[in-house]
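Asks: Residue numbers (my numbering), protein chains in the order written: chain A, 71 to 444; chain B, 3 to 260; chain C, 33 to 405.
Take the hints with a grain of salt, since some may be wrong.
Mimicking DSSO-like on lysine-lysine, the simulated pairs with C-alpha atoms at most 30 Å apart in a straight line are [said to hold, decoys possible]:
{"no.": "1", "chain 1": "B", "residue 1": "Lys81", "chain 2": "C", "residue 2": "Lys106"}
{"no.": "2", "chain 1": "B", "residue 1": "Lys191", "chain 2": "B", "residue 2": "Lys232"}
{"no.": "3", "chain 1": "C", "residue 1": "Lys381", "chain 2": "C", "residue 2": "Lys279"}
{"no.": "4", "chain 1": "B", "residue 1": "Lys112", "chain 2": "C", "residue 2": "Lys378"}
{"no.": "5", "chain 1": "A", "residue 1": "Lys415", "chain 2": "A", "residue 2": "Lys277"}
{"no.": "6", "chain 1": "B", "residue 1": "Lys69", "chain 2": "C", "residue 2": "Lys381"}
{"no.": "7", "chain 1": "C", "residue 1": "Lys279", "chain 2": "B", "residue 2": "Lys75"}
{"no.": "8", "chain 1": "C", "residue 1": "Lys279", "chain 2": "B", "residue 2": "Lys81"}
{"no.": "9", "chain 1": "B", "residue 1": "Lys69", "chain 2": "B", "residue 2": "Lys81"}
{"no.": "10", "chain 1": "B", "residue 1": "Lys112", "chain 2": "C", "residue 2": "Lys106"}
{"no.": "11", "chain 1": "C", "residue 1": "Lys106", "chain 2": "C", "residue 2": "Lys378"}
From the derived model, a few chain C residues whose C-beta atoms are all more than 12 Å from chain B [claimed, not checked]:
{"no.": "12", "residue": "Ile69"}
{"no.": "13", "residue": "Glu100"}
{"no.": "14", "residue": "Gly101"}
{"no.": "15", "residue": "Pro159"}
{"no.": "16", "residue": "Ile167"}
{"no.": "17", "residue": "Leu179"}
{"no.": "18", "residue": "Ser198"}
{"no.": "19", "residue": "Ala202"}
{"no.": "20", "residue": "Asn219"}
{"no.": "21", "residue": "Gly226"}
{"no.": "22", "residue": "Val263"}
{"no.": "23", "residue": "Phe278"}
{"no.": "24", "residue": "Asp353"}
Hints are computed from structural coordinates only; laboratory data are not their basis.
For glycine and all other residues, C-beta sits at the position ideal for the given N, C-alpha and C.
One letter stands for each residue in the lines below.
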Amino acid sequence: MSDWLIYRTFWDLTVTGVALGAIYALVALGYTLVYGVLRLINFAHSEVFMVGTFATLITATNFIGIPLIEEGNYPYRTGITLVAVLLACIVGGMVVSGAGAVLLERVAYRPLRGSGEHVGAVVLAFASAFTVSLIFTGSTRTNIIIGLVGTAPLAVLYLRIFRRGRSAPRLAFLISAIGASTAVAEAVAIWGPRDREQYQTSRVLEKRVLFEFLGTDVRIDYVLVIVGALLMLTALVLFVNRTRLGRGVRAVAQDVETARILGVNVDFVILVTFLLGGVMAGAAAMMFTLVYDQTRFNIGFLLGVKSFTAAVLGGIGNLRGALLGGLVLGLGENYGAALFGGQWKDVIAFVLLLTVLMFRPTGILGESLAKARV
Amino acid sequence: MADSLLSVDNLTMQFGGVTALSEVTFDIARGEILGLIGPNGAGKTTCFNVITGVYAATHGTVTFDGKPLAGLKRFQITKRGIARTFQNIRLFPDMTAIENVMVGADANHKTSVGGALIGSPRHHREEREGRDMAMELLTFMGIADRAGEAARNLPYGYQRRLEIARALATNPRLLCLDEPAAGFTPAEKQELMELIRRIRAQGYTVLLIEHDVSLVMGVTDRIVVLDFGKIIANGSPAEVRDNPDVIAAYLGVPDDAA
Amino acid sequence: MSLSDAFKELTSRPARTVSGVGERVGDMPRVARWSLIALFVVSLYLMPWWPEVPLLGWLVDTPGTSFEGVITDKVVIYVLVALGLNVVVGLAGLLDLGYVGFYAVGAYTLGVLSSQHANLPWLLCVPIAVAVSMISGVVLGTPTLRLRGDYLAIVTLGFGEIIRISANNADWLGGSRGISKIAKPPNIGPLKFGILDAKPYFFLGLTIIIVVVFFLRRLEHSRVGRAWNAVREDEDAAELMGVNTFKFKLWAFAIGAAIGGLAGTLYAGKVRFINPSNFPLQLSILFLAAVVLGGTGNMWGAILGGAVVAWMPERFRNFADKRVFVFGVALVLVMVFRPQGLIPRKIRKERWLANWKPPQRTPQFGETGTGRG
Chain A
71 MSDWLIYRTF
81 WDLTVTGVAL
91 GAIYALVALG
101 YTLVYGVLRL
111 INFAHSEVFM
121 VGTFATLITA
131 TNFIGIPLIE
141 EGNYPYRTGI
151 TLVAVLLACI
161 VGGMVVSGAG
171 AVLLERVAYR
181 PLRGSGEHVG
191 AVVLAFASAF
201 TVSLIFTGST
211 RTNIIIGLVG
221 TAPLAVLYLR
231 IFRRGRSAPR
241 LAFLISAIGA
251 STAVAEAVAI
261 WGPRDREQYQ
271 TSRVLEKRVL
281 FEFLGTDVRI
291 DYVLVIVGAL
301 LMLTALVLFV
311 NRTRLGRGVR
321 AVAQDVETAR
331 ILGVNVDFVI
341 LVTFLLGGVM
351 AGAAAMMFTL
361 VYDQTRFNIG
371 FLLGVKSFTA
381 AVLGGIGNLR
391 GALLGGLVLG
401 LGENYGAALF
411 GGQWKDVIAF
421 VLLLTVLMFR
431 PTGILGESLA
441 KARV
Chain B
3 MADSLLSVDN
13 LTMQFGGVTA
23 LSEVTFDIAR
33 GEILGLIGPN
43 GAGKTTCFNV
53 ITGVYAATHG
63 TVTFDGKPLA
73 GLKRFQITKR
83 GIARTFQNIR
93 LFPDMTAIEN
103 VMVGADANHK
113 TSVGGALIGS
123 PRHHREEREG
133 RDMAMELLTF
143 MGIADRAGEA
153 ARNLPYGYQR
163 RLEIARALAT
173 NPRLLCLDEP
183 AAGFTPAEKQ
193 ELMELIRRIR
203 AQGYTVLLIE
213 HDVSLVMGVT
223 DRIVVLDFGK
233 IIANGSPAEV
243 RDNPDVIAAY
253 LGVPDDAA
Chain C
33 MSLSDAFKEL
43 TSRPARTVSG
53 VGERVGDMPR
63 VARWSLIALF
73 VVSLYLMPWW
83 PEVPLLGWLV
93 DTPGTSFEGV
103 ITDKVVIYVL
113 VALGLNVVVG
123 LAGLLDLGYV
133 GFYAVGAYTL
143 GVLSSQHANL
153 PWLLCVPIAV
163 AVSMISGVVL
173 GTPTLRLRGD
183 YLAIVTLGFG
193 EIIRISANNA
203 DWLGGSRGIS
213 KIAKPPNIGP
223 LKFGILDAKP
233 YFFLGLTIII
243 VVVFFLRRLE
253 HSRVGRAWNA
263 VREDEDAAEL
273 MGVNTFKFKL
283 WAFAIGAAIG
293 GLAGTLYAGK
303 VRFINPSNFP
313 LQLSILFLAA
323 VVLGGTGNMW
333 GAILGGAVVA
343 WMPERFRNFA
353 DKRVFVFGVA
363 LVLVMVFRPQ
373 GLIPRKIRKE
383 RWLANWKPPQ
393 RTPQFGETGT
403 GRG
């Protein structure tokens, strides 16, 4: 291989690595926020991301009506239309992921924290009636009807028996999240129109080369992803550092009990934390479909694991750490894959993590949402 | 001091830019009860944490029984013979009172996985010894009636005493008590001080942190007073009581004094 | 009592129904106790015939697949794995998300030694495989056990993936094709380990489980078990009370790894063909779910959890592809209503306390203490 080619490949890998890293970073923010506030690995965050990719897919194809292929070609749009479609997609992703994250908190977490929870009771009631009905009939419509009928009485029952007071052990939260994650992914696999197959997303953005950078073609989608991620992160940091609510988030991250005594509405702050994480994941989901043009019911799992790795790498609970960890992971994976072969990509990610943790046991930047190191 | 069990020499502890302890030097003689007192935030617990290996000192040394403690792991320090209690109770909440004490007693035991798997004679001997010792300690502390209950279900006073029992079970030569009477009523405090006297009578050396000055006056042989990380007095209870610096530290310097 | 009160009663303290059994059996006279335990064990050995018992048969039936196959290929394996993982997660409180790695190490060691590169007999391979798994536990644990809880979780998760991907990419481990013709256990008298009859494998697995339970109980009720519990409850306090926390955490890791590896050899020896897709990351999560579902830190809970997680999807096979969904919903519900698991960890009952008398020869406390003053 000539020197020129190595040089070129290197910068190629750098650009794609940074773009991938930006997506990791946005998803990692969700892990870091929740970890910073609740000291929990929000295992179901991966599904929040997955749901976001489907939201962008549905926004583009069903709401705006963009087909997968138009006249034998990609359905490219230009100018204002393009911007409008992209904005609609990202908003769709952010809204659905944000709502999903909030719902997740109310169903799978809040009941375990020992505060009674209405939304959680209703959703759980429906889910249990629906699930039990699966034993008797395979007709989805009947299942839903039975589910709806069972919701009211079961919800009343659940509300009365929710444990109050003492919070459940930490492992219970993890398993509850794993359960919710499994259920959501499987629901998409079972009741989605294409079952467990891969979904194509419509490519509205023509992936032109925007400019050359050190001999490498930089495609427009990469630029959008990197710029978008930086904007989102900046907005988040400003929110956490400059607003009243953000101060509440930091207060709860530092000490839940003290924050509660000082009049912070802890449950609300936790909800906001989940919402923020969900919104970030929704944006990441849209960017993911922009670059890769596809999604699938199980797309979240590995990406979630990687993003969590990124969060730990940078220092979990630390917003800037999430960005740094994402970039280091994205780049490390790309360079490593080029050096050792693509099949070792995931191994490289974990070896990188192990190496970093050996020398910096709390990640590159250290942990802390509370110490305003964000 | 020839017969000192523990010497703290020129100890300085800094956290970032904050100096929690500054050139602290004192000795504890064998068999004495030394009170370490001072207003809130004076560095008493930090001093404890350095002695028991929780923090590594920025400067200075701690010598125990003639040997420096620097570089030892926490559990090794405990095995050398320093045991402690905690200001905020830190028992093993889901273990029974007996088990809590037996964990302490295990510091002097040797059975490991192999011995436990085959049920070696040593395993059986140590279990029996551990139980007997734990029961005797619980009886001594007056809490044996609830020996089989989970530590988390015990009343507050029992938990405080259980911590002392657990520390004693490690068979220490120096027992460090961090505000053992915190949250007690005056009557309970008196009872506890009586207990500490009895512990000393068994031959233990005691280092006692206390916030309440009047309380330590009656029970200690000597008192070291810390204020803002520095020692401001070191002497007999009577000397310390009359020391103007101590009075100022506790009451604040009167405005017109200047 | 209203329905909801009854349900509350049921969900808040059903531990009584099960742990109560344990206590009551413990309080029985010796003869009654042992005959009851013997009866229970015998009924376990008769498990392959359970489907023929009325009512019980209907309950445990696995439509569409052989019950015998389910209990040998899954239930026995999962129970053993759950027992091992319970040592790590339940007793020592270390969150291990990559437990499948040790399971794979065990299975692959058996495969490599008995088929891929050598033809050693099963009986020789298994101890080697267990040892190799144990060593892999120590190798992973030595650098990582200094990390705090959640860092450990992600690092172990990575370990599980590294093992799987390495197996996938290493030709000497059979690559993605895997290893076939793995040695089976030698015949023992009338027990012929063949393809037609799964029962001998079940008997072997059950026996191994009983042996493992026996030894784990000894560990639990010793200085080692106390050290693990102390580390789980408050690691700093434990260390300040003289517990060499690192050493005992490493032991927990090594013992857990050894049991996981043993389960792997059992699995590989039964199915006789393994490839990397048998050891996905999700399996680690499933194993963890088994332990927590059953009751973290309670051996009987781990056994129940492992059995339920292995058996339940097969019982509801008529759900077809909806099984995993149902499993997910069930996990959430169990955690919401029984966060401590189906059989929560119990406060140890100190039976000997009732009969304890101060030892005659030993002097009262105090006289023993003066020695070191």
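Asks: Take the hints in turn and mark each one as holding or not.
Replies: Each hint tested on the structure:
1. A C-alpha spacing of about 46 Å is found between Lys81/B and Lys106/C, which places the hinted pair above 30 Å, so the restraint is violated.
2. Between Lys191/B and Lys232/B the CA atoms are separated by roughly 27 Å; this keeps the pair inside 30 Å, and the hint holds.
3. Under the criterion of a C-alpha separation no larger than 30 Å, the hint pairing Lys381/C with Lys279/C is consistent with the structure, at around 27 Å.
4. For the given pair, Lys112/B sits about 27 Å from Lys378/C by alpha-carbon distance, which is consistent with the 30 Å threshold.
5. Taken as a hint, the Lys415/A and Lys277/A pair is honoured in the structure, with Cα atoms around 25 Å apart against an allowance of 30 Å.
6. Pair hint Lys69/B plus Lys381/C does not hold up; C-alpha atoms about 42 Å apart against a cutoff of 30 Å.
7. A hinted pair counts as satisfied when its Cα atoms are at most 30 Å apart, and Lys279/C with Lys75/B qualifies at roughly 12 Å.
8. A hinted pair counts as satisfied when its Cα atoms are at most 30 Å apart, and Lys279/C with Lys81/B qualifies at roughly 15 Å.
9. In summary, the hint linking Lys69/B to Lys81/B is supported, as the alpha carbons are separated by about 13 Å, within the 30 Å threshold.
10. Of the pairs offered as hints, the one joining Lys112/B and Lys106/C is violated, with about 39 Å between alpha carbons and a cut-off of 30 Å exceeded.
11. Distance hint between Lys106/C and Lys378/C is fulfilled; the C-alpha atoms sit about 28 Å from each other, no more than 30 Å.
12. With a least CB separation of 19 Å from chain B, Ile69/C remains clear of the 12 Å interface cut-off, as annotated.
13. The beta carbon of Glu100/C sits about 33 Å from the closest Cβ of chain B, which is more than 12 Å, so the claim that it is off the interface holds.
14. Residue placement check: Gly101/C keeps its beta carbon more than 12 Å from all beta carbons of chain B (closest about 33 Å).
15. Distance check for Pro159/C against chain B: the nearest CB is about 15 Å away, which clears 12 Å, and the non-interface claim stands.
16. Every beta carbon of chain B lies more than 12 Å from that of Ile167/C, the smallest distance being close to 15 Å; the non-interface claim holds.
17. Separation of Leu179/C from chain B is adequate, the least Cβ-Cβ distance of about 17 Å exceeding the 12 Å criterion.
18. Against chain B, the non-interface label of Ser198/C holds: every CB pair exceeds 12 Å, the least being about 29 Å.
19. With a least beta-carbon separation of about 32 Å from chain B, Ala202/C lies farther than 12 Å from that chain, consistent with its non-interface assignment.
20. Distance to chain B confirms Asn219/C as a non-interface residue, since its nearest Cβ pair spans about 29 Å, more than 12 Å.
21. At roughly 34 Å from the closest C-beta of chain B, the C-beta of Gly226/C stays outside 12 Å, upholding its exclusion from the interface.
22. Once the 12 Å rule is applied to beta carbons, Val263/C is inconsistent with being away from chain B; the minimum gap is 9 Å.
23. Listed as outside the interface, Phe278/C is inconsistent with that label: its C-beta sits roughly 8 Å from the nearest C-beta of chain B, within the 12 Å cut-off.
24. For Asp353/C, the shortest C-beta to C-beta distance to chain B comes to about 41 Å, beyond the 12 Å cut-off, and the non-interface label holds.
In summary, the numbered hints that this structure violates are 1, 6, 10, 22 and 23.
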